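*Asks:* These protein sequence lines map, in sequence, to chains A and B.
Using this note's numbering, the first residue of the first sequence is number 262, and each one after it goes up by one.
Using this note's numbering, the first residue of the second sequence is number 262, and each one after it goes up by one.
The reader is advised that the hints may include incorrect statements.
The list makes no distinction among identical chains, and a pair is therefore deemed to hold if it is satisfied within one copy or across any two copies.
Claimed, not checked - Within a straight-line C-alpha distance of at most 30 Å, the following computed DSSO-like cross-link-like pairs (lysine-lysine) qualify: (1) Lys-516 to Lys-932; (2) Lys-544 to Lys-932; (3) Lys-906 to Lys-544; (4) Lys-321 to Lys-854; (5) Lys-932 to Lys-800; (6) Lys-800 to Lys-548; (7) Lys-529 to Lys-932; (8) Lys-800 to Lys-497; (9) Lys-806 to Lys-932; (10) Lys-906 to Lys-516; (11) Lys-630 to Lys-854.
Because the hints were derived from the structure by calculation, they are not lab data.
Predicted model, so just to flag it, every value in this text is computed and none were measured.
Protein chains: 2
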Amino acid sequence: MSVEQIATSLPIISGKSTPQHPLGPLTASEIKESSRLIKSAWPSDVNIQFKSITLQEPQKAELLHFLAAEHSGQATPTIERRSFVVYYLRNTDKLHEAVVSLSAGKVESNLRLGPNVHSNADGDEIIAVERIALEDEKVQAEIKKLQLPEGTVVISDPWIYGSDGINEGLFSDDKRMFQCFLYVRDPNNSSQADSNHYAMPLSISPVVSAETMRVTRIDILPTGIDNTIKEPSPYKVQPPNEYIHEAQELRTDLKPLNVVQPEGASFKVSNYSEQGHNIEWQKWTFKVGFNQREGMVLYDVHYDGRPLFYRLSLSDMNIPYADPRHPFHKKAAFDLGDAGAGIMANNLQLGCDCLGSIHYLSAVLNDDKGEPLDMPNCVCIHEQDNGIGWKHTNYRTGRAAVVRNRELVLQSIITVSNYEYILAFMFNQAGEVTYEVRATGILSTQPIDEGISVPFGTVVHPGVLAVHHQHIFSLRVDPMIDGPLNRVVYDEAHAMPRSDFNPHGVGYTVSETPITTSGGYDLDYDVNRTFKIQNSAIKNPINGKPVAYKIHAPPFQKMLADPQSYHHKRAEFADHNIYVTSYRDDELYAGGKYTNQSRGGTGVRSWADRKDDVQDQDIVVWVQFGINHVPRIEDFPVMPCEILKVSLKPVNFFERNPAIDVPPSTQTFNKSVLASVAHQQEVGEAVVGGDGECCVRESSKL
Amino acid sequence: MSVEQIATSLPIISGKSTPQHPLGPLTASEIKESSRLIKSAWPSDVNIQFKSITLQEPQKAELLHFLAAEHSGQATPTIERRSFVVYYLRNTDKLHEAVVSLSAGKVESNLRLGPNVHSNADGDEIIAVERIALEDEKVQAEIKKLQLPEGTVVISDPWIYGSDGINEGLFSDDKRMFQCFLYVRDPNNSSQADSNHYAMPLSISPVVSAETMRVTRIDILPTGIDNTIKEPSPYKVQPPNEYIHEAQELRTDLKPLNVVQPEGASFKVSNYSEQGHNIEWQKWTFKVGFNQREGMVLYDVHYDGRPLFYRLSLSDMNIPYADPRHPFHKKAAFDLGDAGAGIMANNLQLGCDCLGSIHYLSAVLNDDKGEPLDMPNCVCIHEQDNGIGWKHTNYRTGRAAVVRNRELVLQSIITVSNYEYILAFMFNQAGEVTYEVRATGILSTQPIDEGISVPFGTVVHPGVLAVHHQHIFSLRVDPMIDGPLNRVVYDEAHAMPRSDFNPHGVGYTVSETPITTSGGYDLDYDVNRTFKIQNSAIKNPINGKPVAYKIHAPPFQKMLADPQSYHHKRAEFADHNIYVTSYRDDELYAGGKYTNQSRGGTGVRSWADRKDDVQDQDIVVWVQFGINHVPRIEDFPVMPCEILKVSLKPVNFFERNPAIDVPPSTQTFNKSVLASVAHQQEVGEAVVGGDGECCVRESSKL
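Take the sequences, apply the hints, and build the full model.
*Replies:* Structural data, given as structure tokens:
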């Protein structure tokens, strides 16, 4: 088994002035200290609702010095330790962001934000809002009209309210609110706490004010083909559609498949800080942090000692819905900014979520009282085999050279109400990094009258409509390809015109164009447009081309909501495949810092509009990808994973295939067995070979 | 271990009139009988060069009756057993195709083909051509000019000649020829038979006539930036670039990873015929055949008893190169039509190529004498775990429901001279089929003068140019989605215009358009165009939509060679993402039946030009996919696998997620372990649970 080493560049000392690695996530005591200092800035009777207490990452200029010293083994400079705190005065709209110096033990800045600036939802609030919506007298009066069977349990899914720019009156999106969608558990099985309530949506939708924690109005949802609203009327109980295994006739013919690493895993995990981990695997080294909003963050990624990425993280995601009718026109969730990929992370279960030889990372975040909140097993790390890495057989000799494709996976799973996202960073031995997203969980549903259909959604169960929606993700890539100053270029392949040089019309060339100005850029498969992050100062010794990493991102339909819509204004990343901006310390979240009921103007599109020079600069690359989710029956009651990948692959960065030195794939190492006895004789011949090597043969064929 | 059952609907009897399942590949005795009958049609002194002896698949009209009877357990009709034979009179251009009735014991038809119709290359021929090129006096005279060190071994890679439509003289592509590219083994290591000769290309390129088996001319390759040809001159020996493991400093820190199935694999394999296999796995059933040209072919694919695909196969691939200069302008290989994915298949090695609990299939093809040629272990079958299949956690209870994503893989690997392709059909428990191609092996290289670069290729080693090229694959899908008459439709997502119904500009709809006429069709991500194969007569019982399977194929840059070029004329599939044609019995190969030095006009584009009605008909769907391979240093000496996938996924075909009944993922089943001792305490708490189920928790959080 791999040994966990505790190795830090600074000693860990408990207590107030704990020096931590500048990239180390806050410790429990730092979280407590931060909330104590914030509270002490207010009268003691003021109730503070803490939204997030996270590390205030140092300025990059400082950090670069620190990391350079760390890498070269020199004494590291002292960097002030700070936390960033977002909080409300509870039951008001008074949102604050503060920076606390933990080194000095004082609050450095404390700003009141707003108007129209709101923080994320949090777990305690959500649970409270559920209860408030259901206990409200007027809501209960509406529910009564449904004449539900006795004992029916009504469930409330509070949603972030969304934005439509309406400034006045009862429908104003100015104040922070929750739009609650109601469902019932199968009335014939009310005691089943995990009954799939999404199969039984109701048309009653209470709106709860986050300030007063009271229901401010009740929307009745349209359930026909148009805007018509019908009074709630006696509810027709449809069949259930359960996902829990007791409700299924399970398959009985699946045999176990175990992944075994008899000598342990090949990766090493150590601490660079109490809450921060170093990972070493197959020439890769990097740091992993974890915070409330982004979940996993990778820092200081090197391959074989060469710098590649300063910081890698999921920047945000946006899920806009296609139903234009009130209140659905506001449905466009930012699952990181509105909630948080860290705080939503599942506690991963050995053998259930992760297969093989697993190492878990845990984290500590905060609750709304400012107390530390343990997040056990929020990240799992393991290796996996992904088939053959490379192979060649010399047909003259029959000798095959083959290696397998071993990958390292860091995985986290978030539950955002109905949906799940499985988020993973993957590394392989060919110098490639992949970010993978799997969308699963349950469609967000709303009621629909029987016997009708609508062009903006799919009926997935009697009375249940799943509206079309887009999932658009933004991966933030802060590169340092062989050094801190990079550029983005794009290659295009163009046919040569016919000429004396190209008389047969077959020639084509590839040309490279640098991006000079910050902005949004798109893929174009008709010219094979491929974006690369390049260090133009470092040339490949073999062919003289600048070293680079190319971006393989799948194409996707950009946000369909029109440019004047709030959806478009707010999800600033959703209109281009790639954004390139010049680096600035506080520009981490492509949808803006505060996405909840935002108005736009604070995200990557706005930063790119500065038209900064991004050629051979300290730049940031934002890679967008996603799907237009047109629901199908097969997505209900839970959807099979839809898998999306973005890969970063070396181009003329190395001098040969970086995986050329992976040991050959052999039977003694891999220990495959025959599934069938009948072939045993035949393969007995294949394994002969004292050293276990089995790929030398005499036969020659094409 | 799974038991291999021999189960056929007809008895297997050795001898002349052996009844075989009509889809069963030819047996060794049928191959011998076919060649005997062909030879007996000629005078005994005529030397026959057999190119392929394969099953002549019965007409679909007959087969449908047979399969229907087979499925319903009734007596199956007798179908005449036939073989299809392609052969030359050796050392002539007299190409013949014949149909032999094995049932009647006679040659039914025997046609002389041509002009301009040539068959594939074969292994014996290739080995002979290598020798002929190197032993030719004039070739040796050119080689002498290189003044190679004593003992240097020169290697010849014979290539199919290609087409440029030149009809007369020495450069006519009318006759079948080979364009041989020459290389040397590292002169400092001449005895190493697996030295990577692609690192040392020469500029001497002999052309060998397949008829006379003599060198007919010698091309000198251009090595500069233009068409200039230079006399061969003293060769500068560059450093080697070896891929064999002895030449590497291998990594020493990779720990073993084994895949173990202690109760055996979940799939069952039986014979439906002496050479044909039935596969049953997780509600999937299908037949697998194997032949010289296509390699694996899947027939009669059902899921849970419902018909899906009549026939699935790789139809061909084309790899056109970007260098417009002679002779490179002719480089455009059809690796199936020019060579054959069956005959090129590797003998897969337990533990090297396939990990886990493996079942091998072997096949029998033919050699050029018409004798049976054993192909042991040409297909491997195994399960693999591909992460989580679906998951949902009810945040109120903390109960997680999760299943893993188990896949079945049928894999074959082909070596086509320098390149390898790993070809796999994959099935999962959510009713999805995926065809995966991994491109690996060695770039095709040509010499380039030092110190220069060209816009149509990449220098990957001193003196070595790897020219840009496209890999374009065509997957042939003969569907029977819930029945034999299908249509192809495409969905598009369009924004709704602003209106009273859509006042906020966020609405969008998805509309469906049927394809009525055969032709080529393309993806368009700006409208999320998604193609589906539909049975319009069968409606989903929940939402009334016609049952369908959608096609997920990645976009690619279509063939860059211009429409007047022979590349474009010949690779008829390479200009559209999708082709839809009406079914005809002899239309299997999208590039035409005879691709070697073809002229076009015999492939899918030509069939589609019939403008047949394809709506609710017996149709065939051709799915193209590929990459524009712009070589990078990392692709040399062997390229890391580039992975491409095409998936076919159910849309409103089932009534819910077809994987909802997969047993929950549990630790007792999966037996993961902790990689680190340090966390053991913590996770000890997670595994508590008498039944092994570990996903019930009390904590509630978002």
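*Asks:* Confirm or reject each hint.
*Replies:* Structure-based check of each hint:
| no. | hint | result |
| --- | --- | --- |
| 1 | Lys-516 to Lys-932 | both (19 Å within a copy, 13 Å between copies) |
| 2 | Lys-544 to Lys-932 | both (25 Å within a copy, 29 Å between copies) |
| 3 | Lys-906 to Lys-544 | both (22 Å within a copy, 28 Å between copies) |
| 4 | Lys-321 to Lys-854 | within (18 Å within a copy, 62 Å between copies) |
| 5 | Lys-932 to Lys-800 | neither (42 Å within a copy, 48 Å between copies) |
| 6 | Lys-800 to Lys-548 | within (27 Å within a copy, 53 Å between copies) |
| 7 | Lys-529 to Lys-932 | both (24 Å within a copy, 22 Å between copies) |
| 8 | Lys-800 to Lys-497 | between (70 Å within a copy, 24 Å between copies) |
| 9 | Lys-806 to Lys-932 | neither (42 Å within a copy, 48 Å between copies) |
| 10 | Lys-906 to Lys-516 | both (29 Å within a copy, 26 Å between copies) |
| 11 | Lys-630 to Lys-854 | within (22 Å within a copy, 74 Å between copies) |
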